[in-house]
Each structure stands twice: as structure tokens, then as C-alpha cells.
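Given the sequences, and given the hints that come with them, work out the whole structure.
From first to last, the protein sequence lines are chains B and D.
Quick note on numbering: the numbering used here labels position 157 of the first sequence as 157, and the sequence is numbered without any gaps.
Quick note on numbering: the numbering used here labels position 330 of the second sequence as 330, and the sequence is numbered without any gaps.
Simulated from the structure, these hints should not be mistaken for lab results.
As the structure is a prediction and not an experimental result, all values here were calculated from the model.
Among the hints, a few may not be true.
Pairs of lysine to aspartate or glutamate residues, derived as EDC-like cross-links and limited to a Cα-Cα distance of at most 16 Å, are as follows [unchecked claim]:
1. B/Lys380 - D/Glu344
2. B/Lys380 - B/Glu358
3. D/Lys208 - D/Glu240
4. B/Lys74 - B/Asp64
5. D/Lys80 - B/Asp211
6. D/Lys7 - D/Glu344
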Amino acid sequence: MDLTLWTYEGPPHVGAMRIAASMKGVHYVLHAPQGDTYADLLFTMIERRGQRPPVTYTTFQARDLGGDTAELVKRHVREAVERFEPDALLVGESCTAELIQDQPGALACGMGLNLPVVTLELPAYSKKENWGAAETLYQLVRGLLKQQPANPGAHNPTAWKEEQRRPRVNLLGPSLLGFRCRDDVLEVRKLLDRHGIEVAVVMPLDASVADVMRLPDADVNVCLYPEIAESSCSWLERTFGQPFTRTVPIGVGATTDFLAELRALLGMEPPASDEGAQQSRLPWYSESVDSTYLTGKRVFIFGDGTHVLAAARIARRELGFEVVGLGTYSREMARPVRAKAKELGLEALISDDYLAVEAAMAEAAPELVLGTQMERHSAKRLGIPCAVISTPMHVQDVPARYSPQMGWEGANVIFDTWVHPLMMGLEEHLIGMFRHDFEFVDGHQSHLGHLGGLQSGQPEPNAAPAMTAVAGDVSGETTLTWTADGEAELKKIPFFVRGKVRRNTETYAREQGRGQIDSETLYDAKAHFSA
Amino acid sequence: MSANLLKESGPREVFCGLTSIVWLHRRMPDAFFLVVGSRTCAHLIQSAAGVMIFAEPRFGTAILSERDLAGLADAHDELKRVVRDLLARRPEIRTLFLVGSCPSEVIKLDLARASEQLNQEMEGRVRVVNYSGSGIETTFTQGEDGALSALVPMLPTSTERQLLLVGTLADAVEDRLITLFKRLGIDTVRSLPPRQSTDLPPVGPGTKVLLCQPFLSDTTRRLRDRGAEILPAPYPLGAEGSRLWMEAAAQAWDINAAQIRATLDPLMERARLALEPHRQKLAGKRIFLLPESQLELPLARFLQRECGMDLVEVGTPYLNRDLMRSELELLPDGTRVMEGQHVEQQLDRVRDARPDLVVCGMGLANPLEAEGIATKWSIELVFSPIHGIDQAGELAELFSRPLHRHQLLAAGRQC
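Below, the structure written as C-alpha cells:
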């Protein structure tokens, strides 16, 4: 039993709903009590969709439990098939139904329905949403394709050359409630089109059952979101011999590598090495003098596996940031995230406890947080700028404008969304120059509102109890006191570095065995750390 | 009672009782609601509670894992461990509600016994109470009924003559109602739930109860068992209903008619003025209420009698004829009142009838809007301060606003 106040992922049957709702002609009969129907609002409110997800809930009640819940399942299956006339039916159960063991999938299969029925077993007490989505996609692909003749050895990903057609790939993984999937698909299509590569099937987003049957016709599979699609891609590889790409094209470097990987699989020439610099503004914006202030900015990254791996690479190699924290809530992606963290000299944080993430964030004292909507809230409490890079979805993460993360345009979007929460270079420069002017005595009114522009008398956000407590706990010593003169000097420092200066000074004071911090201690610490 | 009462069963699209936590934890800031359930329960409350949390919430979930189900871990010991951790972390909690869910009900986790043991262990520092908000037993607002009825046995006994308001009200609305009762001459007015969970009102033979919300069947029964008298009245939604509701108390206190008129007539006149602009937008418009909050009948009565709307269908998750008697009497003859739900058939009827406005749950609103039908979230009516004569204008505005918006956008499409 675990205490949860808030959670990053829903239960696995919500993952199954994401697959069903993404596709056309697929209906999901979910053996579940009425409370579970809340899941509809994830699609109709958060994604602002104009259709209900294609899900029929059996909504069994306590009084049904003594009677025949199996008959209830069959009645709902029958009604759903008659009413919605789907091309394929998913049948599964939610956490409560799992306990009463009706086995709705077996019941539906025994009904002699004239359509493919895919049974889902999603253990609700040990697995979560992304796993449920991946498993559903895999069961659906496997269930629909198992009759097709398979000869994995015979597949030739370069057959397009002899057949005198364009090379053909499937895009696997984009789904509803996935981060910016809709726009990523458009962007990847554009990218592939520029390279003369055709997109055969996109799945699950907008795919029909007929599309699923065409999956084996493609030369190569593109695994866009490994959380969702990797198990399906590897089954397709084992069964039909279709190779798949491992690089996710988020960021200029990764997009370049992705093109190289895909073209190599298809037997094409390597891409031009300067395509990224030609097609995306990120490289030049990053080199431009206004970006000098980005040098070595300390960033803390937390989110789903795919997006944090991409973010770590972009942050370090394309923006010149220093990654001071890296982690994910996706246990399925723990291995690659740990490896990435190790490469950066860090220990990855693998946790689905947002309070642990907040504590790690406070400890790392970054200048920018790249996280989920929850990290946005935590960062706000700590007075640190934040950009959202990952699910779980919030209505704000489904913008009306075109806003991909993948490909060349995705890199542009990422540059803007990450850099805007930081102060722009020229602005920061001016604040540094004029910080002794009376207007700036209490800091600067910025986009962070009251947290940025501290009013006199207000407590300083970076001095929040969490921070001091962490500092105190680490040393195990008594708390340091700041003299009035020390506090006054600290206030003259711009708010966005004040937290860091406070930490450094306290560390220094502790090392020097000074119990009180006055302005001199602060200058001593400054000299010590810049030396 | 000449409404046309019908029943329907099939797939439902209604929140479960756990959702009531979302307003109960705001009413009693010193209480904590611990759902004993699954990841789904945790996800449900966080999704229904608004989008995201801005401060540390006063509700959480003890998520059952495979270990608990396989019996490897004694679920009671596990629960006690989680509660101890929680209380160590949040020492300010005075009342802890252990809330049963579908999974905990199905595996027959005995929360009553767990509460009892924890109460002994806590020695009065924290009071532990349990109730079920499970979706196999309760719908949406019934969760509040469960929470309040669990509190009734803890209420001290008193024979003092008092008016007890039962059901969660917004603080400002409650203050206003108490002022008005005092003006009428009723001095001792208390509330369940109280604003502080430890500040429990007494109950006994001198207690006369006005129900602020219509979904409190179990609580009502238990209060009766403690000797309280329930004053029959419509619910305090709209000017007319609120007046009848207040008059029911005034009559029980033998307050003379002149005093009642002097107190309430000016309020009614003001409400009439406040309602008028909304009445102009709403009169003659057709409304369809899908079942969810149990407020559907009182709302339908208000919208028909005070705003001039036509009722296509009034859905309700379940119908307690006793508690709804005064409301049913005020509905026009032949009003179609549908108890239970078959959501697909109901939506078919909505599409056939093409009403001007549909009151529905959050999952159905955007799909109906996409079909060109204006909607109102029923959950908003549980959160908004809509009770009392003074709030009648605000209540009507909640319904006229979506129509007004549709008009504005339709006009925009013309140019």
C-alpha cells in the first residue's frame, strides 16, 4: 500500500483507452464500475475533443455482484457491437473488475461475434498507464496480424529500389494524451517527405483496422514514442523482419542522427551534414551573441523517458546548459535514463513521488526546470522558471497553434519554450548593469510576477523552509543566522541568482565554521567560489 | 405529484461518490480524506478536482498493490502504517476520513475496524471516521451523504432547541442565511458539516433540520434516529424554493406571518429584479437535464417556474420520493422524470429533442457542444454558491451564460 497525493500516470486501462480513442473503428468494452467513466473527461476536456472516446463501460453495481455480472458483460458487448458497428473490439477490465474475475475477454470471444475481438489483460495493481497503452497497441497489432503469412528472413528494407518506388515507413506510437503527438506527426511527415520517404501507416493516431493490416507492407518502422510503440516495433521485427529506428528525432542532433539511421536502414546515402543548420533556427539562435547568457545555465530535467532523454541531449549539446538533475517517472524507461544520467555524472531520479522530485529540485537549485505540469507548480513554489516538456497532459499542453517537439520545427519550438522562461540576454545584461539603481533594490518585476519582483517585507521564495531544512539536514549542524546587514546585501543580488548565492554562502560559512553571515561573509564566499 | 416518473438502466456516465471529497476537503480544512483504493481512484480525484493541485491537497489515496491483494501484506497493518506516516507528516489533521472504494469494498477491507483501532491508538489526537464512496454503491454527491452520516454518531447529544442546516454550503452563503434566520427570530443555527471538523454540532429532540442539499438520505435517517425532526420543504435553490425553505423553519418556530413578510418580501423583490434579465434569455428555451448531481429536480423546478424554461427531461441518478416530495409537487404536470441512466439512449433522446441547453457531466459536455448543443457542467452547480434568495440571480446566470455565449458566437459567424 502506497500513499499517493498526486500521480503522474493513470491506471493501465486508461492507456488502453488512449489507443482505442486514437484509432478509427475500434471500440473498447470496459468491465468497470460507474466511477471509472471519469476517464472520458481526459479526452473531452483535457484534449478538448468533440467526440466521446469509443468506450462502453459495463458500470456494474454492488447489487449486480451477487447476480450474474457475466450476463451484464455480454449484454453490453452485444449492445456496443450493434450500436457502434466497430471493425475491431477491445475487451478488458478495470481494477475492480479484475478482482471479481469475470474474464470479459473470454466471454466476448465466446459470443460468436463477426469481428476481431482482442482481449486485454492489464494488471491494474502492478502496472500503469503507459504500460497499458504499449500492451494494448501490441495486443492489437499482434491480434489483427497473426493470420498474415510471416517470413522474417525474406524482408528486404531496400526492396523499394528494385520495385522502383519511394521507400515506405510506418510511424508508430503517437496517441491521444501523448505530448504534442498530433503536431509531431505532421512535422515528421514533412521531414520524411523532404527525404523522399513515404509514410504508409501512422498508428495508433487516426489508424483504422485496415491500416493495421497494411503494417507489414512498409520497409521500415519508425518508433516515435518508445514508451508506447517499442514492444510492437520489436514484435513486427521478429515476425515480419521489419527493422525499426531507435533514435527519436527531438532536437537538431537527434533529428540528424535519426535521418542517418533511417536512411542507412533503407539503404540510402547519408543525409547532408548541415541539414539541421539549414532547416532549423536553433543552431544559429544558440550561437548568436544574445544567447551568451545561456552559458552553463543549470537545468533540472524530469518527465517521461522519451522527452527527458531528448531534453538532456539538447540542453547540454545544443544550448550549452549544465544538467544538474535528470529523472523520470517511467520505470520502463529507467535503464536508458540511468545511463544518460551516468554519462552526465549524475544519479538518475526514478520516482513517481512528486514530493521527492520537488525535494531533489530544491537540492539541485537549478536556474531552469524542464518538467511536467507538476514540476511547473513545484518550481513556482521555489521561485525557479520552468518549461513543460512532458506528459501528464494539462489543457495548456494542447495548444491551438502548431507546436511540435520533433524535427526541425520542433527544435525551433523547443528553443523558444525553454529560453523564454529565462530572462532574455539583453534584459539580463541591463539588469546587471543597473541593479544598484533604486528601481531594482527589491529585485526586478519579471514574468514570475510577485515571486520575481519581491516586494519589501515579503519572504524570499528561495528561503522557503524546504530549502533551509535541506541545507540544515545535510550538515546536521545548527541553522546559520543571517545578520540584518547580510540579508540587506543578499537582497541587492538579482532574484534569479539569489538562491544560488544564498546556498553558496551558507555552504562557505559552514565550512569556515561561521555561525553568523554578514555582508563580509557574503563577499568572502563570492570570492571563494569565483576563484 | 403528477410528474411522469420513469426508470431506465444501462451504461452510466456519472461520477462516483469519491468525487464529493473535492468540495468536502475545502469545507473542513482540518480534515483529511484518505481513499483506500486503486490507482484509478487516485487518478479520478485528481482529474475531477481540477486539473492540477496548487498546494498540498487534503486528500490522498492509499493505493492497493498486488502484495495487498495476494495477502502477502496484511492490508490492515499496511493501512495503519500509511495512516501513521500521513499523520506524522501532517500533524495539523484533526479528523481523518478513511474512504472506501470499489476495490476495497470488493475485497471486503473492514475500514470500520481499522478506524476503531486507529482511534484507540491515536487517543483522541485525531478522530478517524470511515465511509464508502465506491462507485458500485454511490454516485457523485452520495459521497457527501456517506461522509456526513458517518459523523452523525459522533455528534454530542443535546435537547437544546436549534435549527440545524445539513449539507455543504459556501461559507458566505451560510453566513448570509444565518443572518436572515436571526432576523426572522431563530437564534441558534448550526451546520453539518461544520467549518472545523472538530466543531461538531449537537443533536437531539430539540433539533429541527433543514436540508440544504437533496442528496442526504442516510444522514437524514440517522439524524431522525437521534431525535431530530426533518422540516419538509423544497430545497433552497431559486427565490421561491429558498423562501419556502426558510418559511418551513419560521413556521416551526411559530414566527408570525407579518414578521416573515417583513423579512423576506424585500429579498424576493430584489431577487425578481436580479432574475429578470436572465428570465428574458431563458424563457421559452428547452432544457434537458442528464442525471448526475441529484440537484436536477430542484433546478428543474427553479428553471421552469422562475425562469420560464420548458423541461424536456429531468434525469436523476436515483429518486428518493420522500426527500423529493416537495419538489415533485412543484413540477408541472407530466414532467418526464427519468431515474437511473442508459447514457446512449439518453443521448439519442437529446439529439432527437435538440434542446437549447443540456445539463451534464464533464465527460459529455464537449461532445454535445461539438454537435451544436449548449451545455452546463453539473459539477459546477455543486461548487458554486447558489443557495438562498439572494443567490437566485447568480444561479440563473449559470444557465443563461452558455446560451448568451452561443448567441455571441453565432452573431460572430454572420459577419
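Subject >> Unmet hints by their number, sorted upward, for this structure >> reply: Those not satisfied are hints 1, 3 and 5.
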